[in-house]
Amino acid sequence: MNTRNYKKDVSDQGSIKGQTNQNFGYSQPQQFQDGISRIQEEMMDPRNIQPDSMFVNFSGVLECGECEDEESLRIEYAVKYGGEDWTYLKTSNNADDAEPSGISQLSTSRNLHSRNIVWNFPFECNFQTKNIFGWPQVVVRLSGPDFMGRSVAKGYGSVHVPTQPGYHERVIRIFKPLPISGFTGFLGYLLGNTAELKNFDKVISSGEGREVTRVKSVGYVKVKFHVTLVNFDKFGYL
Amino acid sequence: MSMPYQQTGNQIDYQEIKQTKADLKAEVHFIGQIVGGLDFQTDDGLFCELAIDCGDGWDLLQPGNNKGIQTQTSYANPGQLFSWGHPFDLHFSVSNLIGWPKALLKVWRLDSSNKIDACSYGTAIFPRSAGYHQVTCETWTPTGENLDLEIRKPNEDLATNTDQFSKFDRSLDWRFQALSFYMENPPRLTTLAPLTTDKGDFARRKILNSISNGKVIMEVEVVMKNFKRLSFSGQ
Chain D
1 MNTRNYKKDV SDQGSIKGQT NQNFGYSQPQ QFQDGISRIQ EEMMDPRNIQ PDSMFVNFSG
61 VLECGECEDE ESLRIEYAVK YGGEDWTYLK TSNNADDAEP SGISQLSTSR NLHSRNIVWN
121 FPFECNFQTK NIFGWPQVVV RLSGPDFMGR SVAKGYGSVH VPTQPGYHER VIRIFKPLPI
181 SGFTGFLGYL LGNTAELKNF DKVISSGEGR EVTRVKSVGY VKVKFHVTLV NFDKFGYL
Chain V
1001 MSMPYQQTGN QIDYQEIKQT KADLKAEVHF IGQIVGGLDF QTDDGLFCEL AIDCGDGWDL
1061 LQPGNNKGIQ TQTSYANPGQ LFSWGHPFDL HFSVSNLIGW PKALLKVWRL DSSNKIDACS
1121 YGTAIFPRSA GYHQVTCETW TPTGENLDLE IRKPNEDLAT NTDQFSKFDR SLDWRFQALS
1181 FYMENPPRLT TLAPLTTDKG DFARRKILNS ISNGKVIMEV EVVMKNFKRL SFSGQ
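If you read the protein sequences in the order shown, they are chains D and V. 171 is the number that the numbering used here gives to position 171 of the first sequence; each next residue is one higher, with no gaps. Numbering-wise, the numbering used here comes out as the position in the second sequence, counting from 1, plus 1000.
If you are wondering where the hints come from, they were derived from the structure by calculation, not from laboratory data. Heads up, a few of these hints could be off.
[What the hints assert, rightly or not] Footprint (simulated), chain D over chain V, 3 or more residues, beta carbon under 8 Å:
1. 1030-1043
2. 1067-1079
3. 1125-1136
4. 1219-1231
Where is the CB? At the ideal position from N, CA and C, for every residue including glycine.
The shape of chain V in the complex, shown without the other chains (with noise of 0.2 Å):
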């Protein structure tokens, strides 16, 4: 096996490469972009927020805040894609693979009289093997609580007194939907918990009821260092 030779300039040194932790560290990139909204079936203009979630072992080298991503807000016919096209640049250095990085996607409404509100919402999982992909993640919007005590039961504090409402159909809560119908909003998550799977309040998810709506679509080219090296699937 030859030894490295360092190539200086013009002329050849015989020198030894010192190789450095940080040659050793698995790295992985994801390059790409928000492409766009589908089959979102509404008039009013929209927008697409995204937010990383990833484990302790990841590191977010560059950029270096991590303050998320909104798009621009995109209007389109019936059928039409809603155009968002926000390119991302993530540089990720990973000390532990668990904690693979998703995206937290939002979608906003921005209606005719310039209010923004709270349209779905989305999880998807960034590509885990190189290359070129086209990750498509379907959102939904929630329509209020599951006040089934069946569901509930087991946690404390999700039980609650649920005597008063009809005891033929526990599992719609109509007040929820008769308040995004007339008002045309539909509830808000408090936080984004219940889409993430390592937070502990991801058990909460249980007692939504959601719709469904649109689809997001990225396209992500992952790049990876040293994962051949360390024997990681992937590269």
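Pulled out of the complex, with its shape left as it was, chain D reads as follows (with noise of 0.2 Å):
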């Protein structure tokens, strides 16, 4: 038991510090010092303790990745997420930071045998929510300069962050819109214009009014995923 006689008697009042017994025979609140009641210990108690919201929290690194036939390839991620049930925590108050996002920088292959571009691009997220539906997604953009030097995009593409705590590597597969027709592909090739998602974050996670739209595969883009999942078993996952 770790309680202790709190209650002095009154020729004891000095050898408290601050602490006088100013009601005499009067039952003092339970204001303990240093000791707490076994009661206070349990409700202490995280085990014990039914919260109101799990965590998901992730980070990881988007590592490398190839596509057809380009030298030099930036890559832009963008973590979308069901809107009402999660919240982004966020780690500061730069404006850069109100949503999950980042740019990272040009890369270029090593030499001419492999196309593989090294990015080594490091990301993490916090959330708290109280449902699963909405689980977040990582969408990505590849882009680089076309042959005048323009930024333009290469390849966009998106994968579900793991479910299972720990560390998991995936495979994002990349693709590249097509053009309408060849001569709009060669007047978007001469001026830049190639063919391009506008909110290309919404148009992929999300996968509503796709089916119109025409693609083809140009590589691929590993990443590397570390996930932590706090309150899962409590709620009644995991």
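Two chains, two separate frames, one set of hints: put the complex together.
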């Protein structure tokens, strides 16, 4: 038992600093100094507290990738999640941390024999949620210079964040939208207006309205994920 | 066994948690994407349609409408993946385990004259254990009906009058195969019933002849709720 007998006699007034027994014979409210009762200790044990939300913390690296015959590419990512139930927990008050996204450096393949381009671009996101629906996905966009040096999109792809805790590796398949006709494609190539997706993060993550788009596979990107889940067992998952 | 305490704000209140019925209901989330198609051996564009088939005890909570999925049209070089990359997020509430969800896949072909036609069919079963799974579904293209009376006979509605056809090779329906060769469109199934197992018309599948086609690759993460509590396996 951790309780301490805090009821001191009137004669013992000076022994505890600042504590005087003003209420003669009147029981003190339960104000413990350093010892706490077993009930309060149980109440503060996290295993006994029913939380009201779950947390998903993940970090990872957009490691490397290939896109057909491209030498220089940069990768941009955005994490899309279900709107109402999920809250993105910001780590800073910067304007560019409002939504989880980022743009990497422009990287080049090492030599003519390999088309492997390394970004090693780290990311970390923390979410609070009450519902599994709307699980976050990482949507990527590869872009690089065209023959004139203008930055154009070279491919898109998406992958869901793993739902199990621990370390996971995933491969994102990259595709590129095709132009409507040969003429549009040629003109776009000259002017730098190649077929691109506006608001690529919304289009690719939701899958709505993509029935009429035509694409071509162009490559892949390797991603590494490290996932931690909080309170999932209290809600019946895991 | 200690009582659970509700934490409201900074104050710890000692209250009983009322367990609602929803806390004890099993729920399953299938989160993933249709990655693409492989080995289809065609120069045309391909897209995939997915319909979900599940039993009566399965209630699709989210997304609200179950209108199925249609992916983008993808082109690929020989040996390359037709990349569709279509994400999906399904939330089921399970009151009866019978009728575990299946994905009924139909691959369509878009040829150079912008005409679409059926390419192949397949059925993939969503995984029954929690975690990450890569589901590969081999697909098949129907080539016609089997005229073999031994197969059709037990069912009166399936048996047809086949006297005018060759008695040597009753298993191949040359009409359909000739038509599909000249018109370049394979026969289509009129209903998806031969793909499922729990509709009554699944028995009609035995009269089909088919030819193998490519495979559809899906990545699915399965998250289960209360399966362990209710002693269902898989979590």
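Each hint, compared with the structure:
1. 1030-1043: holds (count 5)
2. 1067-1079: holds (count 8)
3. 1125-1136: The restraint on the region 1125-1136 of chain V holds, since 3 of its residues have a Cβ under 8 Å from chain D and three suffice.
4. 1219-1231: It holds, with 8 qualifying residues against the three required.
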